[in-house]
Amino acid sequence: MKVWPVKQSPLLRQPERFIARNELQALIEKVTDNLVNIQDETGAFLLRLDDGRVIDTKGWAGWEWTHGVGLYGIYQYYQQTGDIAMRDIIDSWFADRFAEGATSKTSTPWRHS
398 MKVWPVKQSP
408 LLRQPERFIA
418 RNELQALIEK
428 VTDNLVNIQD
438 ETGAFLLRLD
448 DGRVIDTKGW
458 AGWEWTHGVG
468 LYGIYQYYQQ
478 TGDIAMRDII
488 DSWFADRFAE
498 GATSKTSTPW
508 RHS
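Basically the working numbering = 1-based index in the sequence shown + 397.
Each statement offered as a hint is correct.
So the derived label-pair ranges between C-beta atoms look like this:
(1) 488 / 448: 24 to 32 Å
(2) 442 / 468: 12 to 20 Å
(3) 469 / 419: 18 to 26 Å
Everything labelled a hint here was simulated from the structure, so no lab data went into it.
For every residue, glycine included, the Cβ atom is placed at its ideal position computed from N, Cα and C.
Sequences and hints are given; from them, build the entire structure.
See below:
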């Protein structure tokens, strides 16, 4: 296997760019807004399971591991900044999911009958 030194990578040779705190915060808020407002308007991202369940793999209103990744990032940002709006996003997501109720089917190998 050939290993290239960093100096050979045009991407890694680019000069570093400092991002001001307020610019970074605005970017994080924009990404978060896009995340929580994304919707599958065409149904192209619906996953239809053999047991009849339909899982929205794109939207924010679901209970899949992908949502956990987003929630984890939002929580980490909240812990670092104390941004109440981020905490409210987390609280609302959990409140909405609990209000929907849990599915009786679980896709885990550890489920007991």
